[in-house]
Amino acid sequence: MTGERPLALVLLEMTLLVLAGPLVTGAIQKMKARLQCRQGAGVLQPYRDLTKLFRKGTVQADTASGLFRSIPVLVVAATVAAGAFVPVVRAGPPAFPLGDALMLLGLLALARFLTAVGALDAGGAFGGMGASREMTIAPLVEPVLMMVVFSTAIAAGTTELGALAAHRGTSWLLAWSAADFLGFAAMLLLLPAETGRIPVDNPDTHLELTMLHEGMLLEHSGPGLGCMVLASHTRQIVIVAVASALFFPVGPAGAGVVGVLVGAGAFAGKILALAIYLALVESSYAKLRLFRVPQYLGVGFVCALTALALRIL
Amino acid sequence: MDVDSGLGLMAACYGAGALSSLLLARLSGRLALGVGHLAAFAGAVAGLGIALGVLLGAPGRTLTQPLPILFPFARLSLSVDGLSAYFLFVISLVAVAAALYGPAYLRAHSPDAGPARQAAQGFALNVFLGSMAFVCCADDALTFLFCWEGMTLASYVLVVSDDRDGENARAGLLYMVMAHGGTALLLVAFLILTERSGAFDFMALRAAARDLDPATRTTLFFLAFSGFAAKAGVVPLHVWLPRAHPAAPSHVSALMSGVMLKVAIYGILRFAFDLLAPVAGPLPFSWGWIVLFVGTISAVLGVLYALQQHDLKRLLAFHSVENIGIILIGVGLAMILWRQEGVGGALATVALTAALLHTVNHAAFKGLLFLGAGSVLCRTHVRNMEELGGLARRMPWTAGLFLLGAIAISALPPLNGFVSEWLTFQALLGSASRFHGPAGLVIVFAAAMLALTGGLAAACFVKAFGVTFLGRPRTSHAEHATEAPPSMIAAMVWLGAVCVALGVAPGYAMPLLDAPTATLLHGPVASAVVTARGPLVLSTALMPSGADATAISMTMVAALLLSLTAIAWILRRGLQPALHRAAPTWTCGMKPTSRFDYTATAFAKPLRLVFEALYHPRREVTRETAGTPYVLRRIHYAGEVVDLAETQVYHRVEREISALSQAIRARSTGRIYGYIGFVLGALFVALLLSELGR
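Which chain is which? The protein sequence lines are P and B, in order.
Just so we're aligned: the first sequence equals residues 1 to 313 in my numbering.
Just so we're aligned: the second sequence equals residues 1 to 694 in my numbering.
For the record, the hints were derived by calculation from the structure and aren't laboratory data.
Keep in mind the model is a prediction, meaning the values are calculated, not measured.
We put the beta carbon where it would ideally sit given N, CA and C, even for glycine.
Be aware that one or more of the hints could be misleading.
What the hints assert, rightly or not - Incomplete in silico selection of chain P near chain B, CB under 10 Å:
| no. | residue |
| --- | --- |
| 1 | Gly57 |
| 2 | Val75 |
| 3 | Phe85 |
| 4 | Gly99 |
| 5 | Leu107 |
| 6 | Ala119 |
| 7 | Gly124 |
| 8 | Thr158 |
| 9 | Gly256 |
| 10 | Val257 |
| 11 | Ala266 |
| 12 | Ser284 |
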């Protein structure tokens with residue numbers, strides 16, 4: 001069991017996640033481009049996009065309420081705060097309790113709630129369509145994700161992600177039980193849905209018939225849009241980090257700066273593995289019709305429920 | 001002032017309010033309304049005082065107050081123990097807001113109301129509040145049933161008081177039938193007990209329940225549970241709720257949804273853990289499991305039906321069905337875990353704490369949401385969301401507070417709804433790892449359904465808030481709306497503050513839950529289990545060993561969220577000064593009108609299709625063409641979603657009853673002698689039966 005993480009480390013890890021978020025998106029885009037035999041933009045492109053957005057002026061819909069301006073701020077704050085609850089460089093619970101997996105999912109849900117509310121504010125049909133579809137998929141994804149968390153939480157006796165990762169220890173596939181495999185399968189099914197990727201959503205499109213998340217961002221511009229984009233990068237890396245905390249073994253624990261660096265390296269490796277998975281899925285499948293998505297998530301639900309059942313039987 | 005004399009003061013306030021409303025109406029209706037609500041406010045404040053006095057006083061403190069002897073055969077008394085005080089606290093919390101909100105709302109909503117109606121409203125409100133408070137304080141079956149009936153009748157008067165169409169009268173009738181069906185079941189349960197005890201006071205009933213055989217005990221519990229479930233709006237006994245609650249004036253809707261349903265929860269707790277509980281050992285197996293199952297079903301179906309409503313108040317009423325379900329999940333778990341060998345009392349305390357905390361949380365945010373809906377209603381006179389829109393620019397306070405309530409009810413951090421759902425999840429997870437086999441599966445299923453409920457509630461409130469308050473106004477009613485009067489805003493701010501306080505610093509509210517958990521469970525109290533690590537941290541141990549406890553700190557998370565918001569706010573201003581301008585929303589080159597805004601029906605359509613099996617949606621599209629089928633003049637769309645309980649159960653029962661009534665009608669002569677004959681015959685048969693049974 002790894003020791004506790006002091007508050008400074010928790011905040012450092014959170015900052016690290018936010019800073020690395022766009023890099024993951026850039027890496028996935030690059031890998032997709034290579035898989036499609038294109039050169040593609042550099043992995044640092046998302047950073048360039050963000051700085052450009054934060055330099056721009058804003059155009060706001062004249063029908064939007066006063067709430068509209070604060071939506072991006074609240075969304076990015078909630079998403080980044082969720083990043084404080086995942087262990088990055090070291091496993092183990094934080095020295096002072098902060099939040100657990102349920103709190104993390106709650107904050108991501110809060111961000112999504114506010115995004116959808118913002119989408120309805122401008123009064124265009126695209127925003128409404130995006131919000132409606134997002135809020136159709138979300139209630140179906142969230143319970144499955146919670147059940148995946150529960151299936152590991154019941155074994156570990158806690159829903160705190162740092163402690164969950166510590167409980168996983170350094171055990172790798174050979175030490176997994178059937179419940180772990182099923183839970184991991186459900187997690188792999190959910191990852192594209194939660195990160196807004198094919199086959200559930202398509203991050204590269206602005207066609208009204210195909211988009212979910214992008215539709216909700218249409219009316220944001222300039223720094224506001226920058227906040228929203230940063231929030232979706234952060235959300236992606238947080239979800240991937242949750243998956244790695246739940247199922248991947250923690251890196252070798254060490255003290256001091258060396259330990260932190262080794263932990264960060266191990267973390268980067270885990271995130272890269274899952275990013276490759278996402279890029280492969282995006283390149284090899286087509287987007288599902290909206291009303292086929294519940295069936296897709298149904299498979300994940302069955303996996304997660306079976307994983308939970310195996311834990312308690 | 002002393003807490004002991006508080007009960008008399010509270011009764012005096014409500015009584016004076018009721019009487020003065022009736023008497024002053026001859027002088028001026030407005031005066032009657034004002035004085036009536038003022039007295040109700042004073043009564044609610046007195047109620048808060050009593051409740052806090054008992055809850056925060058010495059452990060095990062109980063207030064008792066004998067009542068004047070009205071009947072020679074029964075000793076009547078009031079008693080406020082921990083459980084009573086807690087529910088009195090919940091009632092008074094919302095009653096304060098309702099009394100503050102009422103006068104301005106009634107004046108703005110129905111300015112042409114006559115003094116008779118105003119007198120009736122002032123009178124009924126005081127009777128309603130008083131009887132709710134005294135149901136929880138009753139210490140004998142007669143007082144309990146008398147106040148219970150007073151609560152039903154007064155709320156009926158308030159439901160039909162807003163008589164603009166026959167709809168209210170029909171809703172009131174359905175409410176009366178369902179409520180009295182429930183009361184009849186309660187009456188039977190109480191009569192069976194009193195018949196054994198020979199007295200009406202709870203002490204004697206407890207003694208009589210001690211040597212009941214298990215079958216009778218379980219029958220009595222389910223009689224009482226069904227009676228209370230009808231009042232609480234548990235599926236499938238909920239059909240009256242989405243009709244009656246919206247029909248009442250909005251502050252009364254807030255009371256009915258936020259508080260009256262909780263009185264039924266009080267009844268369930270009082271019967272299960274106190275009156276009918278066996279002397280030792282766990283509660284009978286079937287009780288907790290059935291309550292848990294019924295609660296799960298109510299939670300899911302309540303939110304699913306809420307999603308398809310366009311009427312703002314009706315939507316909120318369906319959400320009460322959902323939240324009662326969530327409370328019952330906690331109650332059911334506590335019943336399962338209580339005194340269970342090898343499980344430990346701490347987990348039962350967590351489950352009960354979750355249920356009780358959700359009781360006050362739901363009272364606060366549902367009260368807030370109903371008051372918000374009332375502000376919209378009194379400024380626009382429209383309840384249908386499809387005719388609203390754009391109100392956030394016109395009613396910023398109402399919109400902001402409604403959003404706060406929406407976030408709280410969707411169980412999102414950092415507000416109070418999340419705290420109680422988190423505790424419920426922890427209790428579910430903790431018990432799932434202890435009950436192996438099928439029992440564990442039921443608990444896991446409940447956890448999955450609770451997760452689904454939270455997600456669907458968020459979807460529903462994005463719709464409710466977005467369609468009502470955002471975008472462009474869809475009708476002139478919405479376009480010309482103005483902000484609600486200050487007293488109404490103040491009432492909402494009070495409930496909003498409760499939501500924030502219970503969300504950000506729930507640890508400080510835990511001592512309030514000590515007395516009820518101690519009264520019911522006789523085990524570890526709430527604050528000793530949940531806030532074992534200080535008031536800033538909520539923690540529960542899922543494993544019996546207590547190792548690896550899960551701990552969160554709502555306060556720390558709120559502080560983190562706040563500081564990140566401040567940082568993001570600076571980021572939002574951009575890296576360099578740049579142009580900000582407003583422009584119309586892009587609508588593909590057409591002139592933007594409110595027709596481009598997504599409607600509530602459209603918003604909920606994907607979920608309607610996903611859950612088609614539960615909705616049986618009916619859709620009718622008629623096209624009016626001009627000569628050829630290619631030129632459309634008009635398209636008329638009508639859609640409807642049915643409530644399965646209503647079509648599958650109630651319509652069938654209704655058909656049977658009307659057939660029976662038709663048959664009886666054919667026999668009825670219309671002559672008074674015939675009816676007297678029937679009455680005498682029935683009396684004779686009843687006497688004969690009772691003689692035979694002896």
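Here's how the hints hold up against the structure:
Of the supplied interface hints, the one on Gly57(P) holds, with its beta-carbon coming within about 4 Å of a beta-carbon of chain B, less than 10 Å. Checking Val75(P) against chain B: minimum C-beta separation of about 9 Å stays under 10 Å; hint holds. For Phe85(P), the suggested interface contact is upheld, since its CB lies about 9 Å from the closest CB of chain B, less than 10 Å. Satisfaction of the interface hint for Gly99(P) is found here, the shortest Cβ-Cβ separation to chain B being roughly 5 Å, below the 10 Å cut-off.
A least Cβ separation of about 6 Å between Leu107(P) and chain B falls short of the 10 Å threshold, and the interface hint therefore holds. The beta carbon of Ala119(P) comes within 8 Å of a beta carbon in chain B, closer than 10 Å, and the hint placing it at the interface holds. For Gly124(P), the suggested interface contact is upheld, since its CB lies about 4 Å from the closest CB of chain B, less than 10 Å. Here the hint on Thr158(P) is kept, as its CB sits about 4 Å from the closest CB of chain B, short of 10 Å.
The beta carbon of Gly256(P) comes no nearer than 26 Å to any beta carbon in chain B, farther than 10 Å, and the hint placing it at the interface is violated. The restraint placing Val257(P) at the interface with chain B is violated, with a minimum CB-CB distance near 25 Å, outside the 10 Å limit. With a cut of 10 Å, the hint placing Ala266(P) at the interface with chain B is violated, because the nearest CB-to-CB distance is about 23 Å. The interface hint given for Ser284(P) is violated, since its Cβ lies 26 Å from the closest Cβ of chain B, which is over the 10 Å cut-off.
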